[in-house]
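**Student:** So the protein lines, in turn, are chains A and B. Counting along the first sequence from 1, when you hit position 556 you're at 556 in UniProt numbering, and nothing is skipped either side. Counting along the second sequence from 1, when you hit position 13 you're at 13 in UniProt numbering, and nothing is skipped either side.
There may be inaccurate statements among the hints.
[What the hints assert, rightly or not] The calculated lysine to any residue pairs, modelled on SDA-like cross-linking and capped at a C-alpha distance of 25 Å, are: (1) B:Lys108 with B:Val84; (2) B:Lys108 with B:Gln85; (3) A:Lys582 with B:Leu9; (4) A:Lys581 with B:Glu98; (5) B:Lys108 with A:Asn1003.
[Said to hold, decoys possible] Far from chain A by the CB rule (all over 12 Å, computed), these chain B residues: (6) Pro2; (7) Leu32; (8) Pro39; (9) Ile40; (10) Val50; (11) Glu53; (12) Pro78; (13) Phe82; (14) Met93; (15) Ala96; (16) Phe100; (17) Leu103; (18) Cys110.
Hints listed in this document are in silico derivations from the structure and should not be mistaken for laboratory results. Backbone N, C-alpha and C define an ideal beta-carbon position, used for all residues, glycine too.
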Amino acid sequence: MSNIPPSQSPLSRPPPSSPNSRPMQATDPNQQIQRGPSPYQSTPLGPAQSGIRPNVPPAFRPGNFQQTPSGRPLSYPNQTAMSPTYQVMPANSTSPPAVENLESPSQRSDTPPSTSHKPKRLYPKEITEAYTESNTYGGQYQPFNPAVAPGGIGQQVQPPAIDQNAYQQPQFFTPAGDQNYQATAPSMTPAHYSQQYNTQQYNTQQYNTQQYNTQQPSMNASMGGLTNQLNNMNLGGHSQTQLINVNLIGVPPNVGDLDAPPPPINLPPNSSVTQSDKANCEPSYKRCTFNSVPATASLLSKSRLPFGLIITPYRSLKEGDEPVPVVTDTVIARCRRCRTYINPFVNFVEGGQKWRCNLCFLLNEVPSQFDWDLQTSQQANRWKRAELNHAVVEFVAPTEYMVRPPQPPVYLFVIDVSFPAVQSGAVATAAKTILESLDRIPNEENRTKVGFITVDTSLHFYSLNSNSSEPQMLVVSDLEDVFLPQPDDLLVNLTEARSVVESLLSRLGDMFKDTHTVGNALGSALLAGFKLISSIGGKIVVLQSSLPNIGPGQLKAREDSKALGTPKESALLQSAEPFYKKFAVDCSRSQVCVDMFLLGSQYSDVATLSCCPRYTGGQTYFYPAFNAGRSEDALKFAHEFAEFLASPIALEAVMRVRASKGLRMTSFYGNFFVRQTDLLALPNVSRDHSYAIEVSIEENITTPTVCFQTALLHTTCFGERRIRVLTLSLPVTNSISELYSSADQIAISTLLANKAVERSLSSKLEDARDALTNKLIDILGVYKSAITGSQGASPQLQTCENLKLLPLLALGLLKHVGLRASSQIPTDLRSYAMCLLTTMPSQLLIPYIHPRFYSLHNMPIDAGTYGPDGIIMPPSLNLSSEKLERHGAYLLEDGQNIFIWLGRQVVPQLCMDLLNVRSYEEVRSGKVTLLQLDNPFSQQVNAIIGKTRESRRGVYYPHLYIVKEDGGDPSLRLWFLSHIIEDRTDTVMSYQQWLGHLKDKVNSGSF
Amino acid sequence: MPGEALLFLFGTIMAAALLFMMVFFTIMFSDLECDYINPIDLCNKLNQFVLPEMLAHAFLGFAFFINGSWIAFAINAPLVAFNVQKISNNRHMYDATEIFRTLGQHKKECFIKLGFYLICFFYYLYRMIVALINES
């Protein structure tokens, strides 16, 4: 109770709430004021400045002004000016806000707006809920904001939730006549207001608390309160070692915690030699499924937690990210025996003459130049060296690390120019995009080489001699025995041959516009491309619009809609033709990477074609039903393709993960080729690709810490051989509870997603889902028996605080398009989803499994505006259709697609502001580009969409769909609803049913 | 020399050959584990022998069947069926991309076959001697 701020202390809250009086709740009213979305907040600024302003009589209600729109109180224009959101600013709220505003400025000045959204995740979901709820009943969506809807548009009043209002109405509200929304807002005298306001918030809180039985069942509510307090205090702190029990049943998951950092790594003091705060690896580079490693294999198998690493070695740097420090003096200290690179966790002994490897404990000499600064020729401070201060560091590699001089970046474009490709506009769009991206292709050293092959039923090579002004086309129609028509000029230096390359690209779009050739010999083109660049290595970029149907590697349209949803489906998800896999293996040897852009309007056999990128470190991009005639399609493809071309790549790379004695890497997931038992060959390292590695404990660990070191030896695109080293050190534990309390649900979900995809490809989709469910049951069952120690049936399903979203994420996976049981999902979409599931880094994968969901019509006033940390996002909602109000507008995004859902009673003004149409009926559902309209709401929504598009890692540019609650495209609506994973869908359980199912299994099983 | 003795002499030689082939496979697999060979070379090398091995074994089984050596045929029939099933599922070739994931399984299979051929070798030898004794 001591954490309750003074302003709240006079309140005597009713007993039911006190057990749940977590600090967050106590501070909640303040919080609401800071975040500014409350219905009251957007009231006039003027009165606040002037101090006092006349109260509008309570009798003034929207109903009134609906009849007499002109007779608005003085406050209205102000209010409108202040509240560009569609959040409900009811007429009746006019009187209380006056007072609220009196104190809010000071509070606002106390807490700068920066705090208003940054620590969002610290606040449990209930707060958010209370907060939106209060908005809702503080006045339902105000459909007519007189100032913005002058012409009588939007005069249509919809009181959608009258009952709810009446029900929710706290005793402090004055029911002002009719039970419309305006009735719900308090109309009370200013003197009481500030207190009352808080109280009212509390009531809301209690209401929610009771309704949802917040976080803890009533039986151990007080304990729950305590643990929650602890938890909230500990968030972001250091000593989160104790296990915090959380009951899952009956509580909506707190989706805000999806962005929470993993449990802290509690290394023993002085484990790093330099005490640098960068000494241990950031989770965005490398994270382990638990942050304290079990000492014995039996403890690991007893806990049933998966043991694995999620590694994103070549992640993109966003603004504000620190670049990876580079060690340029080529003094690379490595252990003689295990070849570990020196890192912040080694020990220096014998006066710093020797260092003890922290993986194998061998004593090694410190290189003589280790303390020497080559540039100044002076003694240097060893403790300033980057490799002793940073867990992520890059060494410039000397020649011993090269088998040949660093290769230049090579881009060979293999473009399908058969009739479907030309007709859909793919060729023209691609050519234009390449042309516009020529300056962005990594070419710092002017060494980059490019080449082009176009293919239909024959292969067309282009001689791009830099001395000639025009490209020359050479046609080869022998598909079986591919040869290169001439030895030179097919692959040219981009800088030298720039003009001829530009000339080719500007004409490529039109060159084939009259073609009627149906048929594509991709296999031959790939073989030819391989011949062309295999001596150097590089990238083959395939732009494919039709199914390759002649020559080697020909494919059939094997999609069989009858097989979907049956065990036969997994055959369709496997490669149909060994050619592509074999080709990929050859490519991997010659450091050639294949990237596939599949733009097919029909079946494209993603399953087979994605084999090439999978084993060469590339990526598959899929644009179903691509048609450049639709500007959205063209924009998405052009944007992603341009970003892809512009992103720096690492060439001829190998990656190895070393770990302390006793640990062994057993299986690897991601896009690469396993060349040795622990060596991954990556001809190209694509940006933001994630790799999952399963680890096993071979022998018991006796040391207090273990270390994982990933070394990525690569050539940068500016021709430097470098080694990127990522070192992660973790404490060792003998206690199962510590193991559980340090488990990282995000990493576990990422690993489970990879394993599920692997399983569904090698066996059946159903097996993959069962394995996932069983894993969850195991984890929860062990938690129940080993940690809470309860035996027999229990009405609760408990887990620890840091794993509480694991069931939700697992459910998200089960309902994901890649794994869901359904007879409606085309295999192409499924295969593509699987490609994404195995390559995405956690930051992209988690939204992909569990989309972000925002409500737009009542978002906070500052959402979508610039805060100190960029665009402020609205609070994310639970993925449950109970959040969908009929008058609401919602935004849902999973990193690949963005949906805007409009309820059927959405206020016309909102349609006007957002889409520039007069009413809901005129809204056209489907793929759109959102207009930039000159009103605050449109700007906010555009800002939010812009932020979601750019904030994630990866090149993806999500499509935007408008979804209408009724009317429009029913399949689009179903697609949208399939993302609402907390609801029951035809085959899969709702979140609470799923928990119930898990609970039953946990109760009946023995662990 | 009578037909049966000749057949079992042939069987003995075949079993010895197959035995050596399995030893070779096992050595190659352990080479792979020790990183003496890369998976692409390994698969290219081993895949040359997969079909000949299966054909040789099937031919032997067929010869026993023709000759009416029912016991010898019965011993070999399960492995023939297993091989046929593998080919029909297109799983008989070693896949360089999957080899590390399936290495344990391959090794186990190799060891079992090794033991099987060893037993077969002695059985055929015994049958050959029995046939020769009966003859004389």
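**Student:** Against each hint, give a clear statement of whether it holds in the structure.
**Tutor:** These are the hints, each one checked on the structure:
1. B:Lys108 with B:Val84: holds (19 Å)
2. B:Lys108 with B:Gln85: holds (18 Å)
3. A:Lys582 with B:Leu9: Status violated; Cα separation ~41 Å.
4. A:Lys581 with B:Glu98: Distance of about 11 Å is within 25 Å: holds.
5. B:Lys108 with A:Asn1003: violated (38 Å)
6. Pro2: Answer for B:Pro2: holds, closest chain A Cβ roughly 47 Å.
7. Leu32: violated (8 Å)
8. Pro39: violated (7 Å)
9. Ile40: Nearest chain A Cβ is 6 Å from B:Ile40, so the label is violated.
10. Val50: It holds; B:Val50 is separated from chain A by about 14 Å at its closest Cβ, greater than 12 Å.
11. Glu53: Its Cβ never comes within 12 Å of chain A, the nearest being 20 Å, so this holds.
12. Pro78: holds (24 Å)
13. Phe82: holds (19 Å)
14. Met93: violated (8 Å)
15. Ala96: B:Ala96 is in fact no farther than 12 Å from some Cβ atom of chain A, at 5 Å.
16. Phe100: violated (5 Å)
17. Leu103: violated (8 Å)
18. Cys110: Holds, because the least Cβ-Cβ distance between B:Cys110 and chain A comes to about 17 Å, which exceeds 12 Å.
Violated hints, in rising order: 3, 5, 7, 8, 9, 14, 15, 16 and 17; the structure is consistent with all others.
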